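Below are the chains, spelled out letter by letter.
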Amino acid sequence: MGKTIQLMDTRLTLLPERALLLPDYHTLVVADWHLGKGAHFRKAGIFMPVLPVNRDTARLQALLNNYCVKTVVFLGDLFHSDLNSEWLVFERFRTANPSIRFILTRGNHDILPDDLLEKAAVDVVPSYSIAPHIHCTHHPQGNGFAGQLNIAGHIHPGCLIPTKGRQAFRLPCFYYREQTLLLPAFGMLTGLHMVQPLPGTRIYPTAGNKVMEWIR
Amino acid sequence: MSLNVFAETWFFNKGWQPHRFQLDAWDAIAKGKSGLLNAPTGFGKTFAIWFGVLQRYYRHERPKKGIHCLWITPLRALSAEILQATRTVSDDLELGYRIGLRTGDTDMAERKRQKTAAPEALITTPESVHLLMASKGYADYFSGLEFVVIDEWHELMGSKRGVLVEFALSRLRTICPGLQVWGISATIGNLKQAKEILLGGEGAGTLVRADLKKDIHMETLLPDVLERFPWAGHLGTTMMDKVLPIIDAHQSTLLFTNTRSQAEIWYHRLLDAAPQLAGALAIHHGSLSNELRLWVEDALHRGILKAVVCTSSLDLGVDFRPVDCVVQIGSPKGVARFVQRAGRSGHRPGETSKIYFLPTHSLEIMEGAAIRYAVHHQLLEQRLPYVRSFDVLLQYMVTLAVSDGFRADELYDEIKRTHCFSSISRDEFDECLLMVTQGGRTLDTYEEFHKVVVDNGVYRVTSKRVAMRHRLSIGAIVSDAMMRVKFLSGKYLGTIEEWFISRLQPGDTFWFSGRLLELVRVKDIQAIVRPAAGKKGAVPSWMGGRFPISDNFGAVLRHTFTEIHRKGRSLPMELRFLQPLFAEQRRMSTLPGEYELLVEYIHTRHGYHLFVYPFEGKLVHEGMAAVVAYRLSSIRKATFSIASNEYGFELLCDDPLPLDEALQAGLFSTETLFDDIRSGINIREMARRKFRDIAGIAGLVFQGYPGKPMKTKHLQANSGLFFSVFEEYDSGNLLLRQAYDEVYDFQLEASRMYKAFERISAHRIVVQRPDQLTPFAFPVFAESFRERYSNEDWQARLEKLRTQLEA
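Protein sequences, first through last, are from chains A and B.
Just so we're aligned: the first sequence equals residues 1 to 216 in the numbering used here.
Just so we're aligned: the second sequence equals residues 1001 to 1807 in the numbering used here.
No lab work stands behind these hints, which were simulated from the structure alone.
Being a predicted model, the structure only gives us computed values, none of them experimental.
Among the hints, a few may not be true.
Derived DEER-like restraints, expressed as beta-carbon distance ranges [to be verified]:
1) A/197 <-> B/1675: 39 to 49 Å
2) B/1423 <-> A/119: 48 to 58 Å
3) A/97 <-> B/1423: 52 to 62 Å
4) B/1137 <-> A/101: 58 to 68 Å
5) A/101 <-> B/1534: 48 to 58 Å
We put the CB at the ideal spot given by N, CA and C, even for glycine.
Chain A with its partners taken away, still in its complex shape (with noise of 0.2 Å):
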């Protein structure tokens, strides 16, 4: 059950799967999935049990499946580094999806050659956008889409929020501030990076099959 907010007169649908839904554009947007990333560590040398990445594809797939989505937006970072394995749950993914328009805006994370992209028919753009104000980068741009809307990656924004009987939560939120959305990082293997409750900012925690707002 996602939370609809409207920001720059766009419905936005905050999905609890960490994924952004513009029904009005029949757009999904996904930050920093990082696939690849746990094979990656492991080819360094680094023991990390083999997860079962394919539970971030099927959570993805039934999006697609509930929603009516007819292009999806990767926000970068999509694959953690250099090939491995894992990209092969990636091409089975776009297999199963030959009707959607995948399109990455490549985030640091992102050094596969072109042409793997290409295969899998994904179009690789420095920055998409949705409609003529709405903005699609990895890196969040700051003031650069004046006046308009920034959806960003990168960042992994995760809250802290303090309850009563001093006790607090732990959770990855979409992050609002000064026309920039950030979205929270889709993948399994990602961690927070704690964003501050500043004044003007709106920050909407992911929990469960929840979205909320974190009003202070």
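Place chain B on chain A using the hints.
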């Protein structure tokens, strides 16, 4: 008794008389024995071993070339001192016995020289020895070795660096069968065990003890008016005016604080209060740059400093002659530590050590009486050695694989003889082999894992990149991700934990290195700063800075506490002074007797508090609190925030507690205790924290050398992420199990906790319901570091969160 001509000549020339223990040590060494020397600093313990080493070397007509003696110390500062002392002997006696220094600071050219023309002795650290074992041909290099000396063994033994020492010794004993091993240790509660661990087994080796008792003069500084002294706090700066006259009256004073942030605060507050101290007051702690620390140490030697605010960074090491007074700010936390710190003053034989204890809140004043009792009765702590540290074993396996490789059976036999791994099973060992060769037990897509490969039964690292990264991460000290603090000009000031800097915005100011700095920008792992004007700034806190009170000190504290009901002159002055506070506690609640356990149940705007005061020390309280939380919540589901200190613990809940029912059901009983520990304590969170070090040591999280960052493209991940991943997808993993074992042994001290419950179960439980927080309750409540316990399910807690968020 055999003679030592080197010692005799040298002592005669100096006009000195050797101590009894020095003669004993020379004699034992001459007979080819190994042993442990127990002596205080300042009495020539280095010489007690060193002349033995020389005598053994020159007993051969034509001594062998190459390294003859390894002298392992825990501290670089100490290495420099040993180097100087031993070189002086070689110079004075015109011996060709050369001494080299090898630590993390030794430059490449010097390392090369040590390789091609090895000195006779090498003064080094446990990490550097492992680095030597990670270079090809190390067995040849060490083939002429006859001696290994482990300095300050008591310090090393209680940490995983002690395991590094055990491994190094096990290897060197195989390479050099006649090896003589000598440890040097301060007095600890388990000296005999210390000797056995070092020398491999019961009854092995000689124990040489120096019967020299150091006089300690100790005084507690009391505030003028108890009523105006805070009930809680840990800074103690309100006592500033008591410290200034002490600094004035002495030549040179060391002020010890328990945390680095506290040192920063005291430093600048002292300068505010006494500007005339500028230039004669310095600060010293582990995060400051080497350059600055060396300058302070040198200035201390030369006697140009009136006072230095410092942390445990000055606990050990070099003697500073001019220091004639020590002030301990805040709880001393342990008896041995306190004695050690006191000993930093009046260093020379025959002089008295002088130490003032400065309490930071009312109840802490009691600790003055407790510590005096403990020092008087020599109740020094035991150092618990680490056992079954698989993280260090994995690291060691790769270390050997990086250089000349190892064979599984040989290595198994070798490590089986160490204390740390005497209980390892072949299955566990094989599992470690699987970890380094395949990345784990699972048979999935491990063809991608390349760390150690087996070649004809020899385990080797073949990848240059793996080898290099491993060499950079050898060691058992894990630090947080650190930022280097630098001026715009490039001058380096020291390191700060990354999470502290991440909370600051450019333009914010903070105290570091005794100065107020303004953050200009953050670049990669550097925080660029400039000096700031003004008075206000944040003070960084360092996670490594906290350490809990020792078990011995807890017991002494409890003993002292039983005295508060006594009347009259025999009462220690600290307790007499605290009488008004005890009266207040009695008025608001109860002052528990020797066989009573006080429980306070208080409702405030924060919620419902349950305070319990077993006086068992913080570690045990943390465990007890969790068990009590579990028992309460099995009556009614609840979520608690838990705080504890040396005196007691607090459970805070947003709903009322079923206290009466719980007491009837045996809230403090020993029945089903171990089950309740297992099922009740949030061990997972504790294990998660322990896993940080384990991940670093086992090579999961690569940090590079402190201060020498290396690019680790795409390989950054924090230990928390690894912990979650292991828990979910490889729950039987050895490293994960080790994290839990460390929680049981070191954090919960399950056996000690059982004793505490047993003791309490015989006590009368006094329940009070005061209107507000009492003098006992307040310091616990004010503890900023809290645990969480919950048995409410995730959904229920989320619902609560939601109603709170969206109300």
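Here is what the structure says about each hint:
no., hint, result
1, A/197 <-> B/1675: 39 to 49 Å, "holds, 41 Å"
2, B/1423 <-> A/119: 48 to 58 Å, "holds, 54 Å"
3, A/97 <-> B/1423: 52 to 62 Å, "holds, 54 Å"
4, B/1137 <-> A/101: 58 to 68 Å, "holds, 60 Å"
5, A/101 <-> B/1534: 48 to 58 Å, "holds, 56 Å"
Comparing the model with each numbered hint stated earlier shows that all of them hold.
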